[in-house]
Amino acid sequence: MKISREDVLRVAQLAHLELSPEEVETYRGQLDEILNYIGKLQELDVTNVEPMAQVAFAGAGESSLRDDALVPCTVVNDVLDNAPDAVKPFFRVPKVIER
Amino acid sequence: MSASSPWTIASVRESLLTKKISARELTQDFFRRIEQRNPELNAYLALSPERALAQADRADATIAKGATAESLSPLAGVPIAIKDVLSTKGVRTTCGSKILEPYIPAYDATAIERLEAAGAVILGKTNCDEFAMGSSNENSAYGPVRNPIAPDRVPGGSSGGSAAVVAAGLAVASLGTDTGGSIRQPGAFCGVPALMPTYGRVSRYGLIAFASSLDRIGPFTTNVDDAATILKIMAGHDPHDSTSAPVSVPDYPTEARQDLSGMRIGIPEDYFGEGLDAEVKAKVQAGIALLEKLGCKRIPLKMPHTDYAIATYYIVATAEASSNLARFDGVRYGIRVPGGTLMDMYRKTRETGFGPEVKRRIMLGTYALSAGYYDAYYLRAQKVRSLIARDFSDAFQKVDAIVTPTTPTPAFKLGEKTADPLQMYLADIYTVTGSLAGVPGMSVPCGKTSAGLPIGLQIFGPHFGESKILRLARGFEQAGGFSI
Chain A
1 MKISREDVLR VAQLAHLELS PEEVETYRGQ LDEILNYIGK LQELDVTNVE PMAQVAFAGA
61 GESSLRDDAL VPCTVVNDVL DNAPDAVKPF FRVPKVIER
Chain B
1001 MSASSPWTIA SVRESLLTKK ISARELTQDF FRRIEQRNPE LNAYLALSPE RALAQADRAD
1061 ATIAKGATAE SLSPLAGVPI AIKDVLSTKG VRTTCGSKIL EPYIPAYDAT AIERLEAAGA
1121 VILGKTNCDE FAMGSSNENS AYGPVRNPIA PDRVPGGSSG GSAAVVAAGL AVASLGTDTG
1181 GSIRQPGAFC GVPALMPTYG RVSRYGLIAF ASSLDRIGPF TTNVDDAATI LKIMAGHDPH
1241 DSTSAPVSVP DYPTEARQDL SGMRIGIPED YFGEGLDAEV KAKVQAGIAL LEKLGCKRIP
1301 LKMPHTDYAI ATYYIVATAE ASSNLARFDG VRYGIRVPGG TLMDMYRKTR ETGFGPEVKR
1361 RIMLGTYALS AGYYDAYYLR AQKVRSLIAR DFSDAFQKVD AIVTPTTPTP AFKLGEKTAD
1421 PLQMYLADIY TVTGSLAGVP GMSVPCGKTS AGLPIGLQIF GPHFGESKIL RLARGFEQAG
1481 GFSI
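Protein sequence lines correspond, in order, to chains A and B. Sequential numbering from 1 applies to the first sequence in our numbering. Sequential numbering from 1001 applies to the second sequence in our numbering.
In case anyone wonders, no lab produced these hints; they're calculated from the structure. Among the hints, erroneous ones may be present.
Said to hold, decoys possible - Pairs of lysine-lysine residues, derived as DSS-like cross-links and limited to a Cα-Cα distance of at most 27 Å, are as follows: (1) B:K1293 - B:K1448; (2) B:K1065 - B:K1020; (3) B:K1398 - B:K1297; (4) B:K1302 - B:K1398; (5) B:K1417 - B:K1448; (6) B:K1281 - B:K1398; (7) A:K95 - A:K40; (8) A:K40 - B:K1302; (9) B:K1448 - B:K1281; (10) A:K88 - B:K1348; (11) B:K1281 - B:K1413; (12) B:K1281 - B:K1302; (13) B:K1281 - B:K1417; (14) B:K1293 - B:K1417; (15) B:K1413 - B:K1098; (16) A:K95 - B:K1348; (17) B:K1089 - A:K88; (18) B:K1417 - B:K1098; (19) B:K1448 - B:K1297; (20) B:K1098 - A:K88; (21) A:K95 - B:K1098; (22) B:K1413 - B:K1448; (23) A:K40 - B:K1417; (24) B:K1417 - A:K2.
Said to hold, decoys possible - Rough simulated footprint, nothing fancy, chain B against chain A, three-plus residues with beta-carbon under 8 Å: (25) 4 to 17; (26) 27 to 38; (27) 44 to 55; (28) 70 to 82.
The structure displayed is predicted, hence computed values, not measured ones. C-beta atoms are modelled at their ideal positions from N, C-alpha and C, and glycine is treated no differently.
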């Protein structure tokens, strides 16, 4: 067993998920099985292999950086229209700072 | 039109130019058919009739002014459906998730903007696995899609709705997205051509991200020419996506027409082993024999890291997903479930808004990236990804394309694999390799099983080698390979 109940709770905390007790048990078993399968990656010798941190190819051209120029942003209202709770021009959230 | 002769881009253009039908009539005709068939299939989540009819009227106005085959936009009046992970301005975009139920994007994805600029009529948004995570479309918060060929079976996933609407004649073409097989696998299950372009070929701007180093946008069509036409329109650098490559865009429809004789096709033995359904194997081998008959040279290959692709994929993709999906927290868009504190609100919103598979993948990805496990899982997976990419670059030293089955089995029954996530993941065993390597791949129909279920033949090409794939796919199609 690779994954304990405590692992599941720790990861759920990191991921900001509030799991029900049933979910904790279900995910513990399923993640354990999946990680056991993924354990097969340990069979390979990866000494001197570079991680593929970027998907760029020879011949794909240079990706150039755009000019660092200011452009007006005109979508504020459209964006805030999608917010569950907005007081334009702000998003409103529960109080985070006690004063 | 009957199911045996579906609309194509060419037949739409011909009918419009000869005034057999107007673009408005054609669009209305599609909406009527959708109304009849969609309650059973559940393939469309939202329709955009106002936008579609306005665009159809523009096509009709151009034709009324005397447009010719040369002057008419390449997709004028062509009804197209869009997977619901692609942002459409003013049209609800849910990603198949409850968390985005009320979301109305303020902008269009670049791919859609380019299709509409070429005249396309956007009919609506198609159902998919939540945030494109799944292989059966059963992970949608809005219910599963049924396979139009066999309604007790899944259409594949995650772009199940996009595959189903093209197979059922409810759109001339559609867009899907592919992260580990989500275009090619449903293409195989529904019996339609389905193309995943090279990473960087098509801008991802406006695609709501699942795994940013893997996600691609590509078309489902009824024939290879249409895939070539749509790719040509969508491809090319976009200043809004710095990973979209500044590589020139070939005239794919013309290149697809080149003769395929003399092409070297690699057949990796690793894709024909244990777990491959006997009927699928037999048809794909018959498909390969047909390509040989057409003058292709068959070259046996070994791609030794194939067997490690699923394990690699489910670390890399879930790690990226755990990061990308952190943005759904009830603050800026979608639903919010109130909580006493900000943290409570985040947790309750995410707990309520995300479905079980999305939570499972967020958990797996978070675990793989967390302190103490990063080296053992994420870093190691990134190294194995290099080995898998090397399998492909080595192969393309010797061959023009690689031909394999798209999936190990035909479409499975609804509910058959939902209880076992790992079994579901293994449905992508032949597609995830190319996703990890960044190469383009296409599934084309390759006959049916004795029970009448479609089988897919997959063609991989080298980076930016879509022309080679389309050439093989078109030659195969012209020689009757689709119904072999």
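Against the structure, the hints:
no. : hint              : in the structure
1   : B:K1293 - B:K1448 : 20 Å, holds
2   : B:K1065 - B:K1020 : 16 Å, holds
3   : B:K1398 - B:K1297 : 11 Å, holds
4   : B:K1302 - B:K1398 : 12 Å, holds
5   : B:K1417 - B:K1448 : 22 Å, holds
6   : B:K1281 - B:K1398 : 24 Å, holds
7   : A:K95 - A:K40     : 47 Å, violated
8   : A:K40 - B:K1302   : 19 Å, holds
9   : B:K1448 - B:K1281 : 11 Å, holds
10  : A:K88 - B:K1348   : 24 Å, holds
11  : B:K1281 - B:K1413 : 20 Å, holds
12  : B:K1281 - B:K1302 : 17 Å, holds
13  : B:K1281 - B:K1417 : 22 Å, holds
14  : B:K1293 - B:K1417 : 38 Å, violated
15  : B:K1413 - B:K1098 : 25 Å, holds
16  : A:K95 - B:K1348   : 16 Å, holds
17  : B:K1089 - A:K88   : 21 Å, holds
18  : B:K1417 - B:K1098 : 22 Å, holds
19  : B:K1448 - B:K1297 : 25 Å, holds
20  : B:K1098 - A:K88   : 25 Å, holds
21  : A:K95 - B:K1098   : 26 Å, holds
22  : B:K1413 - B:K1448 : 16 Å, holds
23  : A:K40 - B:K1417   : 22 Å, holds
24  : B:K1417 - A:K2    : 24 Å, holds
25  : 4 to 17           : holds (count 9)
26  : 27 to 38          : holds (count 8)
27  : 44 to 55          : holds (count 9)
28  : 70 to 82          : holds (count 5)
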